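Residue numbers (our numbering), protein chains in the order written: chain A, 6 to 342; chain B, 6 to 342; chain C, 6 to 342; chain D, 6 to 342.
Honestly, the hints are just simulated from the structure, not real lab data.
Fair warning: there could be bad hints in the mix.
[Claimed, not checked] Taking lysine-lysine pairs in the DSS-like style, the calculated list, with each CA pair at most 30 Å apart, reads:
{"id": "1", "chain 1": "B", "residue 1": "K25", "chain 2": "B", "residue 2": "K100"}
{"id": "2", "chain 1": "B", "residue 1": "K208", "chain 2": "C", "residue 2": "K172"}
{"id": "3", "chain 1": "B", "residue 1": "K118", "chain 2": "B", "residue 2": "K170"}
{"id": "4", "chain 1": "B", "residue 1": "K208", "chain 2": "B", "residue 2": "K118"}
{"id": "5", "chain 1": "D", "residue 1": "K172", "chain 2": "A", "residue 2": "K208"}
{"id": "6", "chain 1": "D", "residue 1": "K100", "chain 2": "A", "residue 2": "K25"}
{"id": "7", "chain 1": "A", "residue 1": "K25", "chain 2": "A", "residue 2": "K118"}
{"id": "8", "chain 1": "C", "residue 1": "K25", "chain 2": "C", "residue 2": "K118"}
{"id": "9", "chain 1": "C", "residue 1": "K100", "chain 2": "B", "residue 2": "K208"}
{"id": "10", "chain 1": "A", "residue 1": "K208", "chain 2": "B", "residue 2": "K25"}
{"id": "11", "chain 1": "D", "residue 1": "K208", "chain 2": "A", "residue 2": "K170"}
{"id": "12", "chain 1": "D", "residue 1": "K25", "chain 2": "A", "residue 2": "K208"}
{"id": "13", "chain 1": "D", "residue 1": "K25", "chain 2": "D", "residue 2": "K100"}
{"id": "14", "chain 1": "C", "residue 1": "K118", "chain 2": "A", "residue 2": "K25"}
{"id": "15", "chain 1": "A", "residue 1": "K208", "chain 2": "B", "residue 2": "K208"}
{"id": "16", "chain 1": "A", "residue 1": "K172", "chain 2": "D", "residue 2": "K25"}
{"id": "17", "chain 1": "B", "residue 1": "K100", "chain 2": "B", "residue 2": "K118"}
{"id": "18", "chain 1": "A", "residue 1": "K25", "chain 2": "A", "residue 2": "K100"}
{"id": "19", "chain 1": "B", "residue 1": "K172", "chain 2": "C", "residue 2": "K208"}
{"id": "20", "chain 1": "D", "residue 1": "K118", "chain 2": "D", "residue 2": "K170"}
{"id": "21", "chain 1": "C", "residue 1": "K172", "chain 2": "C", "residue 2": "K100"}
{"id": "22", "chain 1": "C", "residue 1": "K208", "chain 2": "B", "residue 2": "K208"}
{"id": "23", "chain 1": "D", "residue 1": "K25", "chain 2": "B", "residue 2": "K25"}
{"id": "24", "chain 1": "B", "residue 1": "K25", "chain 2": "C", "residue 2": "K208"}
{"id": "25", "chain 1": "C", "residue 1": "K208", "chain 2": "D", "residue 2": "K208"}
{"id": "26", "chain 1": "B", "residue 1": "K208", "chain 2": "C", "residue 2": "K170"}
{"id": "27", "chain 1": "A", "residue 1": "K25", "chain 2": "B", "residue 2": "K208"}
{"id": "28", "chain 1": "C", "residue 1": "K208", "chain 2": "D", "residue 2": "K25"}
{"id": "29", "chain 1": "C", "residue 1": "K208", "chain 2": "C", "residue 2": "K100"}
{"id": "30", "chain 1": "D", "residue 1": "K118", "chain 2": "D", "residue 2": "K208"}
{"id": "31", "chain 1": "A", "residue 1": "K208", "chain 2": "D", "residue 2": "K170"}
{"id": "32", "chain 1": "B", "residue 1": "K170", "chain 2": "C", "residue 2": "K100"}
{"id": "33", "chain 1": "D", "residue 1": "K208", "chain 2": "C", "residue 2": "K25"}
{"id": "34", "chain 1": "A", "residue 1": "K118", "chain 2": "A", "residue 2": "K170"}
{"id": "35", "chain 1": "D", "residue 1": "K208", "chain 2": "A", "residue 2": "K208"}
Quick caveat, the model's predicted, so the values are computed rather than measured.
Protein chains: 4
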Amino acid sequence: MTTRIAVIGATGYTAFELLKILARHPSAELIIATSRQDGNLSIQDVHPALAGCFDLPLTQLDVETIRSEVDFVFSCLPHAASASTVGSLMNGGVKVVDFSADYRLIDLAVYEKWYGVEHPDGDRLGSVPYGLPELYRDEIRQANLVANPGCYPTSAILALAPLLKEKLISTNDIIVNAVSGVSGAGRNANPAFQYCEANENVKAYGIGTHRHAPEISQYCTFVAEENCEVLFTPHLVPMHRGIFTTCYVRPNDGISANDAFAALRDIYCGEQFVRVVNHPVETKNVANTNYCDLAVFQNNDRLVVVSAIDNLIKGAAGAAVQNFNLMCGYDEATALL
Amino acid sequence: MTTRIAVIGATGYTAFELLKILARHPSAELIIATSRQDGNLSIQDVHPALAGCFDLPLTQLDVETIRSEVDFVFSCLPHAASASTVGSLMNGGVKVVDFSADYRLIDLAVYEKWYGVEHPDGDRLGSVPYGLPELYRDEIRQANLVANPGCYPTSAILALAPLLKEKLISTNDIIVNAVSGVSGAGRNANPAFQYCEANENVKAYGIGTHRHAPEISQYCTFVAEENCEVLFTPHLVPMHRGIFTTCYVRPNDGISANDAFAALRDIYCGEQFVRVVNHPVETKNVANTNYCDLAVFQNNDRLVVVSAIDNLIKGAAGAAVQNFNLMCGYDEATALL
Amino acid sequence: MTTRIAVIGATGYTAFELLKILARHPSAELIIATSRQDGNLSIQDVHPALAGCFDLPLTQLDVETIRSEVDFVFSCLPHAASASTVGSLMNGGVKVVDFSADYRLIDLAVYEKWYGVEHPDGDRLGSVPYGLPELYRDEIRQANLVANPGCYPTSAILALAPLLKEKLISTNDIIVNAVSGVSGAGRNANPAFQYCEANENVKAYGIGTHRHAPEISQYCTFVAEENCEVLFTPHLVPMHRGIFTTCYVRPNDGISANDAFAALRDIYCGEQFVRVVNHPVETKNVANTNYCDLAVFQNNDRLVVVSAIDNLIKGAAGAAVQNFNLMCGYDEATALL
Amino acid sequence: MTTRIAVIGATGYTAFELLKILARHPSAELIIATSRQDGNLSIQDVHPALAGCFDLPLTQLDVETIRSEVDFVFSCLPHAASASTVGSLMNGGVKVVDFSADYRLIDLAVYEKWYGVEHPDGDRLGSVPYGLPELYRDEIRQANLVANPGCYPTSAILALAPLLKEKLISTNDIIVNAVSGVSGAGRNANPAFQYCEANENVKAYGIGTHRHAPEISQYCTFVAEENCEVLFTPHLVPMHRGIFTTCYVRPNDGISANDAFAALRDIYCGEQFVRVVNHPVETKNVANTNYCDLAVFQNNDRLVVVSAIDNLIKGAAGAAVQNFNLMCGYDEATALL
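Here chain A stands alone, though its shape is the one from the complex:
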């Protein structure tokens, strides 16, 4: 038996990756793909790489049609637009994975401060599981709506959560330095992401203002069960895909890098998509995969925990399908290996 699926907001890079995974998924049947684009475009018009995989028009978003025709929705809409649609979908029995940030933060005031908009479906905040199966698998299995994590938060939280949970590191003074490929910026034409601006260039951006900072801090706080204020600095580097995250943390008394390594290995030993390695972590090893690779080092009085993911897969579309598999009762790794 297959699950009938709608992808709303199907023209961007994460939707493209999602469609590629769904094309390989034996139980996913794509019924509807929507876009605000004008004209009678099909999926292969906006994603020519998918010619021959899907023969489906892009349609305007219509909540009623979706509620009557599909079982599952992947919402790839921008924040605010997404919650506005998702809210009305939830009343109709469909299940939803939301790629936007709308349901990740549990505090309405924090959301509205960082995103600068009124939340269109704020009542739901706090009751939506965060779609990181490594932390919230049971909750995801039961959920009708899951908040797909941000890309930077995925890479940072997978590195930090076990160490915080096991009380191996201090909740104070956690520094997360991350670099991302350009696809993280999305597909819109933007002068700053033209080839000749982004190629052969590195820059930091959003220092102190990036919206993934409160998301990282919130989930670190949850697992640590005490307040974590994580300092987060993202950078843009000239590659298509991949995030490399370098976390500087303070070990608690007597804790060595070996202890931290052992704890990571132990906690993630049953996880198919987290690899705790003792060779160099490199983004090329996780490119086009749903893996997160982790390693830990001693440096002076700090531990340095490094993490690599593909921002479009484990940081977006792969995680979404992992959540989909859990929510629908399929094997968690279906179409992801």
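Let chain A serve as the given structure and place chains B, C and D on it in line with the hints.
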């Protein structure tokens, strides 16, 4: 004594390269830089790499001011806009190098067919030297207005002209296959030139319709003194700068690759910016320089002549300064080595 | 029922792609992976991206062990070394896809001239099907040994063969201009393929001497049923994977680009991995896929046929698995979509 | 009057950049270029981009010849090899800029611990000025030998030194996270820096073990006049040139990002090659220049100081010529703007 200069249309990539060269030129004094951009921007606002080099506001284009304050204008405006301005400037005694295509073709009908606009200053066509000093040095020295060549034509004509002139190759069946870095597309935000579209990607474009085709054919015809219809196919490759051109030509009876090599060496022996080499031609050897590197090979019954330039330097700003130097009586290589 | 597999020469880039595909193949069981590397390395030591996918040591090549333990061999050895091993394997009942050039040419003298070595298994030349299923599907199904095509030949022959077969183009004066990503050069440390040499660089290489020239000419000759001497010029461009091929051909009298397009569409209408498109052909649309995209244009008196493949997939490992599927009776597209 | 120059170890990437700058320098006359390469190679054989700029053979290193024929030596030899040669040159009256690490650390034991070799000229340690003119201009002017700084240290020390000197930040808990283009690894063929390994890839390396860590700590300690133990983590990113450094520091009581910005502006106001900016710092703005761009931000309870240089210019060859200019009495910026 210095020459007072205006750069009109100063925000693009070729203007940026031009400004970098002018900053090193001992006799060039930049007085005016114009832009259609709104706001009170300065050069370093749009070209932060030039912070500390120029302290000049970007102003709106005003022909009267330019005529009264400068001796020399580099016009980096788009076609049609450029001729419209250049025409009025010419009446005022300033000298001009025009980066646009407006004065390169000598036949008004050909211009209007390929560019799809009415020419604003068509009477001047045919009397403006083509700014390739290797072919038209004497004419450039005497001129008040010079048509700076297109990037692809520069790379192709420097490869083909001596062989046509010396009657070593047939005027029939010349195929020019060229690949260019992305900066050739200019600085405008365009979905097709976003990093994630252009990186890790090659495509052909404008097959049979690229406007540089008639420009190449025209100047090949001039030097050959008989009609040359060159078949031209450009491609986009993932790099910032550089053009690599592969010309497939038919040698006349008894002409070998060695003969062609000797002819190229001979004709270009006094040229500072053309190197006829017997090691591999590679765009990295000419990147950020005003050089054109050439080599020639035998392959079956064809000669293959390859050529590399930096599209922004020898294919635009460097050639413009080379022309400027000739028009103002400076040493031709000033600021270009 | 699964097929037991050995991959010999498992450390290079094509072997890496092959292993990734085999990991997804429901009927492929990897039993042996060999390497000349010293030490007790495993697959994941040389391909850390495959950590968690395979838990297999790299062993020294031993023909007897392979003959007794596996059903199918993928040989990723270099030319000459490959035929030397394959020859002895063939006597043992295993089936083989050979990635090397050893069995592609049918004329021993041509092989020995272009490859500069004595052929270790020359008697077999001429009886081994060329592993391009679009041309030789029936022969491949019956074969115990298949010669996997070269990457450039795949892209060129898929573009040219139908037009030659249907007598739409002349067998004379075919020019094949191709550009390849750097992975085509293999994984060996080589100064010319260091990042800082290959990045931001384009060059032609092997003009008139590249070994894929006789391979292209031979199969064009077969389908045309008259002699084709194809002029081939490869180039290196700064990307990881992908080949873009631009073929300049002469249409026979009265044949237009539309005719050629219709013929390509017609011949390939049942093929899952060849897409004849009327949008721009770009290597990014075929990256990481087994597709070949084709389009055709008119330019002056020529047709220009363009073709894009992923050199590591359709140009190597994907084609090999396509052949494997045919030789073992699996669905041809298994693990390839 | 010109200065006669020898470049020893002339084949690498920093030597290439040095030669390009020297070609533009009106007072530098290159007399000797040495290499351990076999054969009768010339400069343009190993650096084809310099064809036409220099017509000089590469010779074997001969100390006596150098002492008798040149006034100034740039040593681009590896560590240990460099000091071994430089020591003998110093007795002959020539002046030297040493690109290697041999004279940067003042403590012999620290040198021998981090570099793992015996120092061939250890007596000189501690009396050789560190070639960062922004800190040691007067000492450099008087010196016969200058230790050209490491690339990462240049970017980090220029960011940190003024803040430490003015006591605006704590000497404790300074974290320096840096990313570098691949040219920092030098020109030797190395599997890890092949295009297909380094492209589309980010990794951290040398965590806790990189030799630039003690160099950064030493000069921070000098300017702070108290012990600074800097935690340093370098990363490799897919670009040719450029270093982006992100420093996480603790402001002293009451010190804001604005205070730090003002201090940086103040201290560097007379410096031609340091730009303290209030637009985003990006490596592309300093590529191919001798500039270091700096900016400072508040983030939680930290200041984040970011810095960008071209590792081959301000981080190597440009700094070397800046030192050369000072040591020979030329204008400090000659050939560097």
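Original post:
Does K25(D) lie within 30 Å of K208(C) when you go C-alpha to C-alpha?
Top reply: Status holds; Cα separation ~22 Å.
Subject >> K208(B) paired with K118(B) [C-alpha distance capped at 30 Å] >> reply: With a Cα-Cα distance of about 25 Å, the restraint between K208(B) and K118(B) holds, given a limit of 30 Å.
**OP:** Starting from K172(A), check that the Cα of K25(D) is at most 30 Å away, please.
**Re:** Answer violated: K172(A) to K25(D) is near 55 Å, above 30 Å.
Original post:
CA of K170(B) to CA of K100(C), is that 30 Å or under?
Top reply: violated, 59 Å
Subject >> Distance restraint between K118(C) and K25(A), which requires alpha-carbon spacing of 30 Å or less >> reply: Violated: K118(C) and K25(A) sit about 45 Å apart, past 30 Å.
Subject >> Pair hint outcome, K208(D) versus K170(A) [Cα-Cα no greater than 30 Å] >> reply: holds, 26 Å
Original post:
Holds or violated: are the alpha carbons of K172(D) and K208(A) at most 30 Å from each other?
Top reply: With Cα atoms ~27 Å apart, K172(D) and K208(A) stay inside 30 Å; holds.
**OP:** Please work out if K118(A) and K170(A) have their alpha carbons no farther apart than 30 Å.
**Re:** Holds. K118(A) to K170(A) sits at ~28 Å (cutoff 30 Å).
Subject >> 30 Å limit on alpha-carbon distance, applied to hinted pair K25(C) and K118(C) >> reply: Not OK: K25(C) and K118(C) at ~35 Å, beyond 30 Å, violated.
Original post:
Are K208(A) and K25(B) close enough, with their CA atoms no more than 30 Å apart?
Top reply: Status holds; Cα separation ~22 Å.
Original post:
If you draw a straight line from the CA of K118(D) to the CA of K170(D), is it 30 Å or shorter?
Top reply: It holds: about 28 Å lies between the C-alpha atoms, which stays within 30 Å.
Original post:
Holds or violated: K208(D) with K208(A), Cα cutoff 30 Å?
Top reply: holds, 17 Å
Against the hints set out earlier in the document, violations occur for numbers 6, 7, 8, 9, 14, 16, 21, 29, 32.
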